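Residue numbers (the numbering used here), protein chains in the order written: chain H, 1 to 415; chain E, 416 to 758; chain U, 759 to 1046.
Hint data in this document are derived by calculation from the structure and do not stem from the laboratory.
Note that the coordinates shown come from a computational prediction; the quantities given were computed from them, not determined experimentally.
Honestly, I wouldn't trust all of these hints.
Unchecked claim - Calculated pairs, DSS-like style, for lysine-lysine (alpha carbon to alpha carbon, straight line, at most 25 Å):
hint, chain 1, residue 1, chain 2, residue 2
1, H, K258, H, K379
2, H, K178, H, K258
3, H, K309, U, K871
4, U, K871, H, K314
5, H, K348, H, K71
6, H, K348, H, K70
Given next are the chains, with one letter for each unit.
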Amino acid sequence: MKRRLSTGVALAAAGALLAGCGGGGPSSGGGKISDDQIVLGVLTDLSGIYADIAGPGSVEAVQMAADDFKKKYGDKAVTKNIEVIKADHQNKPEVANTQAREMYDRKKADALFDVPTSSAALAVATIAQQSKRLYFNTAAATTELAGKSCNPYTYEWAYDAYMLAHGTGAKVTEQGGKSWYMIYPDYAFGQDMQAKFTTAVEGAGGKVVAKDPTPFPSDNYSTFLLKAPGLKPKPDVLGALQAGGDLANVVKQYEQFKLRDKGIELAVGLLFDSDINAVGADKLAGTTFTTAWFWNLDDEARAWADRYKERTGKRPTFDQAADYSAATHYLEAVQKAGTDKAEEVSKKLDGMKIDDFFARGGTLRAEDHRLVHDAYLVKVKDPAKAEEDGDYTELVDTIPAAEAFGQPSPDCHMS
Amino acid sequence: MILALAGALRRYPAGVRWGLLAAGLLAAFGLPWVLYPPVAADILCWGLFAVAFDLLLGHAGLLSFGHAAFWGTSAYATGLIAIHSGLPFYVAVLGGAAAAALLAAPIGYLAVRRSGIYFAMVTLAFAQMVYFIANQWGDVTGGENGLQGIPRELPGVDLSDSFVFYYAMLPVVLLGLVTAWRIVRSPFGRVVAGVRENPDRVRALGYPVDRYKLVVFVASAFLSGLAGGLYAVNHGFASLQEVYWTTSGKVVVMTVLGGIGTLWGSLIGAAAVVRLEDWLSTAGFEETGLVTGSVFVVTVLVFRRGVWGTLAHLLRYRAAPGTAEPEPHLEHDHDDTAQRVPS
Amino acid sequence: MTSFLQQTFNGLVSGSFYALLALGLAVIFGMLRVVNFAHGAVYMLGAFGAVVLADSAGLGFWWALLLVPLALAVVGTVLERLLIRRLAALDPLYNFLLTFGIALVCQDLLRMKYGSHSQPYDHLPFAGSVDLGLFDFPRYQVFVLAVSVVVCLTVWLLLTRTRIGTIVRAATERPELTRAFGIDTGRWVTPVFGFGVGLAALAGVLAAPMRAVNAAMGGDLIITVFAVVVIGGLGSVFGSVLAGFVIGMLQALGNLYIPVLSQTSVFLLMAVVLLIRPAGLFGKEEHA
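Go ahead and model the full structure; you've got the sequences and the hints to work with.
So, in structure tokens, the structure goes:
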């Protein structure tokens, strides 16, 4: 019995090994629309930590954009064949790298969308440049994509560390949170956020009393929460720049140390709806942060969110909305250019004014391929005031496009 | 090189030996025709890594749960050399492997002071330390953004096509495999095997047991580094994933799946896992850990010989019934001599 | 000075988790010679158990504290009977590998069911803080420390004062001798494994109100706990527990005074211990 089983597994393994797919040659752009088909690829995290923020919901958003485009242009569309494909990168940059190649080369994707996690997004940007196809980042926050690693084939659609830090840092300070205690995870994103927060706070006339790097990942933030009330002068705001599970740790422990009662408010760097759900909206109520968009922003946003909910049964995240917006404008640009050749499409996109349900007052900057648009300072809604499940945020202030994003980075050389 | 590989199979009858060698080389040269070339290149890298790992586990009987430290350190070092020097990628990879060996010396020196399960825990812990350092030292490693933009440099050859790159890296992998095999077959390798079977006797014969273990450890780290460096060049970057403990776990899974101590079985284990993950990721089934984990549990429970070992066992059993091949032997910790009696 | 004491106390609280986990690892190792790689996964399952009880049955923290460790201990005994035992006659490394595989499967099963992000848990049994003379501290965290200390002491008393304890301890510290005396240690194997698993689950339940509950929460933690038991000496129950508390303190103080070393300090300490006392601070000498 044992032996038979072993043989079976061995055979199965050998089978899996041999079951490779035949390779196809690189695509050759013959007509105006290569293969008379536009392929939109969504490379995302289908199961990991970003699966709710991006994931299957992003795939659906891009599909929705394709459907709307077909409906809008009907017979006048450059092609009727618009296909949406997806792949999972498991938040691993090497998987993202291989999958991106495969999607561009073998599955003939004309543009990729989404790609959470900065390391994965940077890897995909490189492949986009090598493959000479477009990539629209909506999910990674690193400023490097529009900085040192910018390239003519990569666009940034939704947000970045500057937007997150600048909005919250400046606005909270202006509203009276003059002295800050900053705790940031000790890795590239955390260090970057910390620097940008500090600039924003000081620029608005505030002061950073102290800043501490925290281990990543960590279960215990008590060290810093204990330290906060004893600082001189006592900080008005605890700026917690952790993300995901670490942020949940910070908030749970912030709550237990009763810092809000001691006059220390909480401001966070990056907060997703899934984080609010994890910690509980009641615990976070009143916490301020900056977001690129939220579905309950206004009628226009809600109208789109309702249509999205009809398809998926869920409310969209800002990332999913950005995917729809990016895919729509990509298709529009293809329609205008009459070809899906990346360089031609890019010419139509660069400098484009964009004003839709997602991006207000937006311009797609030609210098660094960043879409600058209005951002929103929001706070977590008291759950008692929520209109429905998933109604987590309310608007505090709109940050106009001109202020929301920084100037194009001097490190960016399009070539 | 081919002769050396042929020698590697000396234990088998001539027909089987040449048949296997031919099949192996055919597979090595034909892989990128059948599989997507970047995936084929991944199989080579992981295959060499798993063989290097088996050199330590299967032949010295030491279970390292921290080999990601060497694979990853070399990936970073290779990347840094390639980015800053513009030298051919062969040089960069060699430099990376040297860096891995350099790191392995102190870690190995400390780790070989313990054996068995302690060795596994100690190596795991040290690898975790390397991970934290890589994460914090963002100026050099790029932190969680990874070290991006590692070039595939080779004067006179355009390696941007993965298909071409595969054949450029293949000789390095084959050399690595032959080296691993030479170590096993050398007089040195026989002493190492003796250390695994009975360290006390080898010590009594006057061999410095710990030094032998250390040398195998460093050699294994060097070969792992070779693999890690190639992997970084193949993908064009090195990331924290390379030094994370899941990578150590992955190579353990591959080797156990292929067959501990079979050396070549590790190649099959690596190919199977890489292929499986690629297929799962493309098919949209996301829980790769669930699948590989379950396969691994079943392997450990019911066929500890792994794919290669089981096949070899069956072949030999058919040839001469009754001469069962023993299951792979792992080194005991010294206070483990008293096994509890199953009741 | 107050701040120093406060941080030391805070370190003891995080040390409570290390100590409970190390204790479980040590008793299992003592009896079975198996290092349970799935220990971190059990910790994670313990926290999820609390979440699931609250969501599906509306049972609060106290029920979870009682039921979840018991339930997981039962699962542990089943696991021991069905799987671990099959490999008992082989080198313990095979069981190490087996439990590694089980950990992978557990983690991914939970991820499949609940996703990777953290789960909410609202059942904080004590709000507010308690005055400890020199400083205030959240009541719940003081409670965690108290539970951990009481459990560790109780286990210590069980091991030293009862007949079962004597047998287990003898089997742990002098396995050859125990067998030579003709004492049947075999029948204690399953209960001890279940007990160790229960301790990890207890740590998980305790973590739910103060830490993020997600599928990955045990993965990194278990590696630190491995370092803890190497430092304390895995063969020594006392050493493992003590090392747990000490390392919790070192990390808390490290966070404050030398942040660069906060995460690597435990591994550096392990390196030093390996240099001077390879068997661990409280482990018995062996010729290595």
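Right, here's what the structure says about each hint:
1. Only pairs whose Cα atoms come within 25 Å are accepted, and H:K258 paired with H:K379 is accepted, the gap being roughly 19 Å.
2. At roughly 20 Å between alpha-carbon atoms, H:K178 and H:K258 fall within 25 Å of each other, so this suggested pair holds.
3. Distance check on the hinted pair: H:K309 and U:K871 sit about 22 Å apart at the alpha-carbon level, within 25 Å; holds.
4. Restraint check for U:K871 and H:K314: the C-alpha separation of about 18 Å stays at or below 25 Å, so the hint holds.
5. Between the alpha carbons of H:K348 and H:K71 the distance comes to roughly 22 Å, so the proposed pair stays at or under 25 Å and holds.
6. Taking the CA atoms of H:K348 and H:K70, the gap is about 20 Å. The hint holds against a cut of 25 Å.
The structure is consistent with each of the numbered hints, conforming to all of them.
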